[in-house]
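Trainee: Line by line, the protein sequences are chains H and G. Counting in our numbering, the first sequence runs from 1 upward without gaps. Counting in our numbering, the second sequence runs from 1 upward without gaps.
Calculated directly from the structure, the hints in this document are not laboratory data. Be a bit skeptical, because a hint or two may be false.
Just so you know, same-sequence chains aren't split out, so a pair can sit in one copy or run between any two.
[As the list claims (entries may be wrong)] Simulated crosslink set (BS3-like; lysine-lysine; CA at most 25 angstroms straight-line):
| no. | residue 1 | residue 2 |
| --- | --- | --- |
| 1 | K287 | K62 |
| 2 | K64 | K448 |
| 3 | K27 | K125 |
| 4 | K125 | K148 |
| 5 | K37 | K84 |
2 protein chains.
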Amino acid sequence: MKSQFEKKELKKKSENLSDWYTDVVLKAEIADYAPVKGCMVIRPYGFAIWETVQEVFNRFMKEKGVQNAYFPLFIPYSLLEKEKEHIKGFSPELAVVTIGGGEKLKDPLVVRPTSETIMYAMYAKWVQSWRDLPILINQWNNVVRWEKRTYLFLRTTEFLWQEGHTAHETEQEAVDMVLSALEWYRKIYEEYYAVPVVLGTKSVTEKFAGAKTTYTVEALMPDGKALQGATSHNLGQNFSKAFDIHFQNREGKQEFAWQTSWGLSTRSLGGLFLTHGDDQGLVMPPKIAPIQVVVIPIHKKGEDAKIIAAYCQDIKEALTSGGMRVKVDDRDEPSVGRRFNEWEVKGVPVRLEVGSNEASANTVTIARRDTGEKSTVQRSQVLVHTEKLLKEIQDSLFVKAKEFRDINTRDAATFAEFTKIMEGPRGFIRAFWCEDAACEAAIKEETKASTRCLPLDTDALPGTRSDSGVCVHCGKPAVHRWLFAQSY
Amino acid sequence: MKSQFEKKELKKKSENLSDWYTDVVLKAEIADYAPVKGCMVIRPYGFAIWETVQEVFNRFMKEKGVQNAYFPLFIPYSLLEKEKEHIKGFSPELAVVTIGGGEKLKDPLVVRPTSETIMYAMYAKWVQSWRDLPILINQWNNVVRWEKRTYLFLRTTEFLWQEGHTAHETEQEAVDMVLSALEWYRKIYEEYYAVPVVLGTKSVTEKFAGAKTTYTVEALMPDGKALQGATSHNLGQNFSKAFDIHFQNREGKQEFAWQTSWGLSTRSLGGLFLTHGDDQGLVMPPKIAPIQVVVIPIHKKGEDAKIIAAYCQDIKEALTSGGMRVKVDDRDEPSVGRRFNEWEVKGVPVRLEVGSNEASANTVTIARRDTGEKSTVQRSQVLVHTEKLLKEIQDSLFVKAKEFRDINTRDAATFAEFTKIMEGPRGFIRAFWCEDAACEAAIKEETKASTRCLPLDTDALPGTRSDSGVCVHCGKPAVHRWLFAQSY
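Given the sequences, and given the hints that come with them, work out the whole structure.
Mentor: Right under this line is the structure:
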């Protein structure tokens, strides 16, 4: 029989990122493989992160008047077909129900890969006048896009997400909505996950099937590959024309609604785990850590365990009242060393150790997960010190990830340079591109790098929109420097 | 073109409950029919109620250490088959995916009708020692049980629910869990929905497929039919044996885990809507009302709208700071009368009216949705008065529903009496039953009444377990009075 207290020997992040990632996600009890091809189980310790994301994102949305609702899991194929680009984009990934209640269905049902079509069939029914607009609806649900091989979080047949779907009187309002969602995604990544992102627009090839413009947040992973973090689409009137969502405008004329859709999925958690962490395991940014502080009582044989236990409980209560998520690990097995190891694998940001020395001197030993630093503080300072430490860890993880991203963002003036970077360290490459899809395909074929986005003017990458030059691949005139990378 | 301001002429609850129900759920914008057979859309105003249920129920669960997680939507048929009674119970209701990613699947996947099988396959992997127990996991998700005809909320192919699944060292611990969940359901129904319920155990015929004992909360609807409100199952070792969830116990011996599962679904919202409400529309119990107070500014032509608007805004802020969910309806269309009507249909518990009279006299006119009573209170008293009123409405709705339930709970000593009640007012019938399934089937065949439960000893139905007599149908000896009713 396998003992639950076997030492959790981790693969090393420094040796093989991909092996480490799978190993740590399983050993930290974040997720597990399910007995269904392409699917996984999100365990409580992983799901708690998603619950925090939901709470934060609901707050962002509700401030802008977006409300949650629920639409069916199944979509008749005929609905999905209505927007031509859309069905073309999703056909290869569909799961189809052909049997229901013991009978073969005349009209097979698709398990939603995304909900534009089923939602907009309803919007058409609900919208008649400009007074019915805007419609600002989001749903948190599960979607299915067929995958043969599972890569925990990053590639699974079923995943969880939020999908926001809005309809507006004017395109300006729609664009404003698209950019608000994009900013929410930036905040989730940068301020919660401590993962820096580049904001930009997708190329025609890479945009969402049926969108006019797709906006994206792109993150760089430690292996120099990019992760598409979340996308926000200006749908223009493509779907409103296909689904006949029209309204009488303020001038009394019939007009098609202007629409947006935007989504953030559990795939994002994969990016979070990949970015932080080390050979000892995960490192959770404090703002999304399910447990921010673990308190470990340490008593040697013959010592009074009760005094130490009470001391720990008292600290827990103080920190909890201060709004922190705290756990006391008072198990009698496994050994203290093994327990330290377990919480390190799980990436708990701060560990407090309390032995008889601490209890009698009225102190606590504090260990920081990200740097391993240890210090001793007075009991009376524990709350203030721990609060400060959590903020420091959050900031420091972001700074570290941003430094890595900035060092690994390079300009390529020639295709030789481009190719060399892709052979070598990879990372983000900024290069002029002629915006011809054939040229984009050739670059991908030859280097594995695809266009990630045309960055918006952000501080992260200043001036990327104002240049002009020649395409790094074909030499034709080009007006924008695009961001390239091999993508997950 | 249909005007959005058409007067919403409602069907009458007093004339036909079923027609009224469908009509009011649609017109109050709680839900809508979807373009998929058997499915529906939960609109924001309806979904907000479910969000409150989630918030409250998460609080109950977390206090007891139950954590949320997520398991796959798809279940291989082979897993579902492992527990024989279970598969027998669910086979007729399954939706099956046979095509994935453009290819015919060798192993078709069932869309989960419930998750015992997929979850317990994982539990078997996670449990080795008594130290791994208890496992206390819940998930909020969507499940599918095939239905041909939709009855909004009460009968839909897809519905949302929570499903809690636990594994324990001892049967006593499992029974304790089952009863805790049952008590949470009672609280949701009685303290939030203001719907009284009878707690009891199901007959062998009516219990969950695979359970040892099923506990239920049963509510009586205004048409004298019963709604099974939520169920909590003692699974014994049925599933742990089928799925091989065994552990080394404290004595070092191998033992199968003791399990429970328990669920509350969006079907419960149907019971809530049916119970309260009148010919004017829904009546929302304040504790789950998405909007508890609507403030309506009323200004005649030429009057200063700004003063009234500021007065309303000020009231809104005061009530919101007091923790209430408040909306100011300051639309310029439709007419005030129509707007009153809209909020009545939606069942908002309290309406505040502010015209120039109120603004100049520093008062507010308050209308109560459930009784229609109006009163005028001083501006300084609005917060205290509204708080008190919301409590009164919550209590009064429960008392009213309980009176109806008690009046409509009758004893039947003979089958003639039983039949007469079922022809006449229906409702709950208490009667001795021999506990033979054939007799139960005959009663159902002849009267449409099924056994709802064997009530636990509650104040609601005192003494129902301590009698003995003869079966109301066959005359054989019977030791318990069961609760019968026609069910939804």
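Trainee: Evaluate each hint against the coordinates.
Mentor: Results of checking the hints against the structure:
1. K287 to K62: Cα proximity of K287 and K62: in one copy and across copies (20 angstroms, 20 angstroms).
2. K64 to K448: neither (40 angstroms within a copy, 51 angstroms between copies)
3. K27 to K125: For K27 and K125, only the inter-copy Cα distance (13 angstroms) is at most 25 angstroms; the intra-copy one is 49 angstroms.
4. K125 to K148: between (38 angstroms within a copy, 23 angstroms between copies)
5. K37 to K84: between (30 angstroms within a copy, 24 angstroms between copies)
Hint violations for this structure: number 2 only, all remaining hints satisfied.
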